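Participant: Here's the letter readout for the chains.
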Amino acid sequence: MTGRGSVVRGAAGAVLAVLALLAPLLSAEYVLSLLTLMLITALLATSVNMPAGEVGLVSMGHAGIAAAAAYGVAYGVKHGFGLGVQLLLALALTLLVSAVYAATTMRTNGIVFLMITLALGVMVYGVALKWSAVTGGQSGLTGIQRPDAFRTGPAFYYFVLAVCVLVVLLLHLFARSPLGLMLRGIRDSEHRMSSLGYAIAPAKFVAVMVSGVVAGVAGVLLVWHSEFMSPATAAFERSAMAVVIIIIGGIGSVMGPLLGAVLVVGIQYWLSSYLERWPTLLGALFIAVVIFLPGGLASMFRRGTARPAPGTVHPALDALLPSGWRRRTHEVSAPPEPPVGSPAIDRKGEGT
Amino acid sequence: MNTQARRTLRTAGSALAALALLLVGCSSNGSGAGDGTSTPAGASTPAGASTPAGTSTQGEGSSTPGEATRSSADGGGSSTTGGGSGGSVTVGFISPVTGFAAALGTDMKRGWDLYWELNGDTAGGVTVKTVYEDDAGDPDVALTKAKRLVEQEHVDMVAGPVLANTAYAVANYVADQGLPTLQITGADDLTQRQYDPHILRVGYTSSQSNFPAGQWAYEQGYRTAATLCPDYAFGWESCGGFVSGFTAAGGKIVEQVWNPLGTQDFSTYVSQIKQLDVDTVFIGSAGGSDAILLFQAWTDFGLDPKIMIGNCCFADEVFLREVGDTANGVHSFTYWAEGRDSDTVRTLVQEYEKRYDEIPSLYAAGSYMMAQVTAETLEKTGGAIDGSKFIDTARGLTFDDSPYGPVSFDDHNNLVGPVYLTEVQSRDAGGYWNVPVKTYDKVSQFWTYSPDEYLKHPVFSRDYTGIGN
Amino acid sequence: MSWDYLAVQVLNGLSFGALLFVLASGFTLIFGLMRIVNLAHGAYYLLGGNIAISVNLATGSYVLAIVVAVVATGVVGLLSERLLLRPVRGNEMLEVLVTVGLAFVIADLSLAVFGGNPRSLKVPAGLSGPLEMGPVVYPKYRLILVALAVLVGVGLYLMQRHSRIGAIIRAGVDDRETVGLLGINIGRVFMWLFVFGACLAALAGVAGAGILTMRPGADTDILLYALVVVIVGGLGSIQGAAVGSVVIGLIDSFSRVWIPEFSYFAVFAPMALILMLRPRGLLGRAT
Chain A
3 MTGRGSVVRG AAGAVLAVLA LLAPLLSAEY VLSLLTLMLI TALLATSVNM PAGEVGLVSM
63 GHAGIAAAAA YGVAYGVKHG FGLGVQLLLA LALTLLVSAV YAATTMRTNG IVFLMITLAL
123 GVMVYGVALK WSAVTGGQSG LTGIQRPDAF RTGPAFYYFV LAVCVLVVLL LHLFARSPLG
183 LMLRGIRDSE HRMSSLGYAI APAKFVAVMV SGVVAGVAGV LLVWHSEFMS PATAAFERSA
243 MAVVIIIIGG IGSVMGPLLG AVLVVGIQYW LSSYLERWPT LLGALFIAVV IFLPGGLASM
303 FRRGTARPAP GTVHPALDAL LPSGWRRRTH EVSAPPEPPV GSPAIDRKGE GT
Chain B
37 MNTQARRTLR TAGSALAALA LLLVGCSSNG SGAGDGTSTP AGASTPAGAS TPAGTSTQGE
97 GSSTPGEATR SSADGGGSST TGGGSGGSVT VGFISPVTGF AAALGTDMKR GWDLYWELNG
157 DTAGGVTVKT VYEDDAGDPD VALTKAKRLV EQEHVDMVAG PVLANTAYAV ANYVADQGLP
217 TLQITGADDL TQRQYDPHIL RVGYTSSQSN FPAGQWAYEQ GYRTAATLCP DYAFGWESCG
277 GFVSGFTAAG GKIVEQVWNP LGTQDFSTYV SQIKQLDVDT VFIGSAGGSD AILLFQAWTD
337 FGLDPKIMIG NCCFADEVFL REVGDTANGV HSFTYWAEGR DSDTVRTLVQ EYEKRYDEIP
397 SLYAAGSYMM AQVTAETLEK TGGAIDGSKF IDTARGLTFD DSPYGPVSFD DHNNLVGPVY
457 LTEVQSRDAG GYWNVPVKTY DKVSQFWTYS PDEYLKHPVF SRDYTGIGN
Chain C
346 MSWDYLAVQV LNGLSFGALL FVLASGFTLI FGLMRIVNLA HGAYYLLGGN IAISVNLATG
406 SYVLAIVVAV VATGVVGLLS ERLLLRPVRG NEMLEVLVTV GLAFVIADLS LAVFGGNPRS
466 LKVPAGLSGP LEMGPVVYPK YRLILVALAV LVGVGLYLMQ RHSRIGAIIR AGVDDRETVG
526 LLGINIGRVF MWLFVFGACL AALAGVAGAG ILTMRPGADT DILLYALVVV IVGGLGSIQG
586 AAVGSVVIGL IDSFSRVWIP EFSYFAVFAP MALILMLRPR GLLGRAT
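Chains as they are written, first to last, in my numbering: chain A, 3 to 354; chain B, 37 to 505; chain C, 346 to 632.
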């Protein structure tokens, strides 16, 4: 956050940060639990957002990876292993499943990537359902407890918050690394990157692995949050939900997943207690966002000039691609939402 | 050409991204797994594929199932409520009124409301208030809603939900908070190996009513049988009851066919059954859409409905409302027989029909009975709800004529009561219903075994669907 | 496994595939010209089926049920195109997202109207029941589904080959900018094609309501199958949809018999495999 333009956003961020930190003091136990769930959901959405925003790969199966990690923890708890072993199991399963995702999709893009991840997600769901000796089948596994260190609601909330911040920072660093920039180049013109001699497939492999690990972290937090595990966690709807969240929030933006998660989780878990026709509301809201706010909710918080408009060039590409190259909005799979925080964008944010 | 193609793919890709919403929005069930997921509305313990954002809500313009009763906000903040007249207790009622099981959740809510409407909402000197929650058929949503009920609404006890996976999730959480919870889900283990003093099942396990079915089939002269059950816990347990009963009597199971929950096209399974030359076929259906589709395929392929033996939920009202006449004469083993000749059942059917223009289903009756147990226990405790003590008191209740007939509870907190062999008949006043033709009294969840002996066996699964098998 | 049993299972696969084809053909047709992955297609299916059931219950007429369902759904399609898709015309991604929101709303509202109970369409006595063909006894209605699919397929093929609209569509699939330059009112073509697609979905809904139930979630269930069909066959290709529906129908049917343990993902695993080896689908256009 170097540019002057980021001052405004920085201030807004500071207010948000203070609110986030004070949340446990201000809110009731249940509300805090809902906030925690929103953060975790945002983290899962972030894992989908990363390859979608950075590489143009939209996954419809990431709940499968999250579920694999969660089953690792659940299995560890059920068999009386310590925290270390639980996490090792979760990590091993996350890496294994992510590697399958990554290896089978590294040479694909667009709809093919989406459909293969969808299929893999359904398969994870199928395994969770069928392998009942380990997963408890459809009935799920009860009696899972999160570690004593954050047994209480506020402690767990802070832990989740810290993890989310950490993950976002790490992803930010990743996006700015040479590999991150290359991935963006792939998103905007795979053909060009390939002609320039970049190895596309390995780069995509790494991108999916990284996002898989994030999904795995979300999965661990999720099972600690609900202290219950069932195949529903791997269900297609969860993967789809993550995509809905980033579309509403704004694909490719840092705050997008959080905004989307707050809204969608809020409607689904909270508003549904009061409003019977909430799915219609969610649908209408979605249409409204799509028509009036193509950059998602996140773009509302940006000044007019910085909002995505047809024909804008992704600033992060200036350094990477020859000048004169331009892409058209409707040719890419994601709305051209500039990632928050990169220096190039901050300059743009000033309207220079 | 190249760009064109790529563009196509990209567009399609982004487009499909949107599938997401669709799923969230329109689906209500876990359609994700291809055939695997969706569950019939009406399913009994499906545990299914749950959808986060289910969608439908039973419409019909009737009350607003999704809405919580806000009036009950304050339960006093403590988890136990002292009795005394003039006070009030708050019950959290969770059922799936949106999503794939919407029909079922709506029936539950109606049954629950009907009891308080007919009998007044005061019991043991306290007013009973209900806070409703919708779980959309998803265990995680159910759990979140349960937390809301406990932590924000400070409810004194919880009733529901019904799908096995949501029930396990909620019952365990609520019990951990030291609150009593009433269940009507069939999931066997909740009152067996996972018995908890805070959990009372006001209903039968999935296998319980099917032990006599196996025995009866053999007595009919049937020597070979096939089973067709949904491929998850509820189906395994339903089949487990029948297979145990049938093989113990000397019958032989020729083939066990498992259909994924939410199967759309039953033709392959019915064809499989058809080529087997068996005397009878046990159907362990979760009801709803699955049952209707199965039955349609059954008659379309020219099979005789008379050789079917249904479980509790196969030929339930949700099914009969749709299938009607062709199901005449279908046999089931169940505990809710809406055509039974008893004052309680007659009143229940009459009053329910007056309000909703439908004959009450198993879920409506079950919830009605949950309310009845709540009220009568409150009478005994003088309006106090105090954790497992409340359940202890409830377990001591006996009913001469409950919606299920004369019932009591066993020491594992499950109902012991009659199982009826029913036959679908057309009703003079219109519609179709299940009329008992034979009654098996005092059937226990452990059947003829002692609890200790029974519990040595593993819980029924796909690989283990029958004691002695 | 006897031959007539095998024949029955083949027919099971084909007839389910036939239903998928009727649904998928409209889907793939819209995609071919408009580049819209119309995710409201399943909602139109559900709407069509539900309207048919209600009309049939009210009037007792099967034919009227079909006509009303198809026309009413067509009108809904027309309104969606005019009111919601038009404002974002030209940006395919936004168009698709709009159809998603639309699907959401249609599904929820139609469930508010039609209720959560699973419903099915009473097929006239002449069309239901078993038909004996030598040793094989098979439901008449499912055979009619196969005939319907063949009729729709041949009709669409003839339309594409021998009509002006077909020529426009074929040209549009290759290069729609040029079609626009030729002075053809592409906006109008889009509109009617979208309506036609909605009508086909409604027809599939009516046909499907005879063997499946209309219930919450039926729309996504079937749409997912249709998606797999068009992806396997090749997006935008009617022939691809035909091949895809036969392949998926048969895989679905036989996996249930032979490998029931894997029937949860029997359809998805081959799809993933085909996509890995041949990303454009079996009959998709070469890249």
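Think of the hints as simulated: they come from the structure by calculation, not from any bench.
Honestly, I wouldn't trust all of these hints.
To be verified - Derived DSS-like pairs (lysine-lysine); straight-line CA-CA distance at most 27 Å:
no.	chain 1	residue 1	chain 2	residue 2
1	B	LYS478	B	LYS425
2	B	LYS416	B	LYS390
3	C	LYS467	B	LYS342
4	B	LYS390	B	LYS310
5	B	LYS310	C	LYS467
6	B	LYS492	A	LYS132
7	B	LYS390	B	LYS165
8	B	LYS492	C	LYS467
9	B	LYS310	C	LYS485
10	B	LYS288	A	LYS80
11	B	LYS416	B	LYS478
Keep in mind the model is a prediction, meaning the values are calculated, not measured.
Participant: If a hint holds in the structure, say so; if it does not, say that too.
Facilitator: So, going through the hints one by one against the coordinates:
1. LYS478/B x LYS425/B: Answer holds: LYS478/B to LYS425/B is near 25 Å, not above 27 Å.
2. LYS416/B x LYS390/B: Between LYS416/B and LYS390/B the Cα gap is close to 31 Å, so the pair fails against 27 Å, i.e. violated.
3. LYS467/C x LYS342/B: At roughly 21 Å apart (the allowed maximum being 27 Å), LYS342/B and LYS467/C satisfy the hint.
4. LYS390/B x LYS310/B: Violated, at roughly 42 Å.
5. LYS310/B x LYS467/C: It holds: about 24 Å lies between the C-alpha atoms, which stays within 27 Å.
6. LYS492/B x LYS132/A: Holds - the C-alpha atoms of LYS132/A and LYS492/B are around 23 Å apart, at most 27 Å.
7. LYS390/B x LYS165/B: holds (24 Å)
8. LYS492/B x LYS467/C: violated (49 Å)
9. LYS310/B x LYS485/C: holds (17 Å)
10. LYS288/B x LYS80/A: violated (37 Å)
11. LYS416/B x LYS478/B: holds (24 Å)
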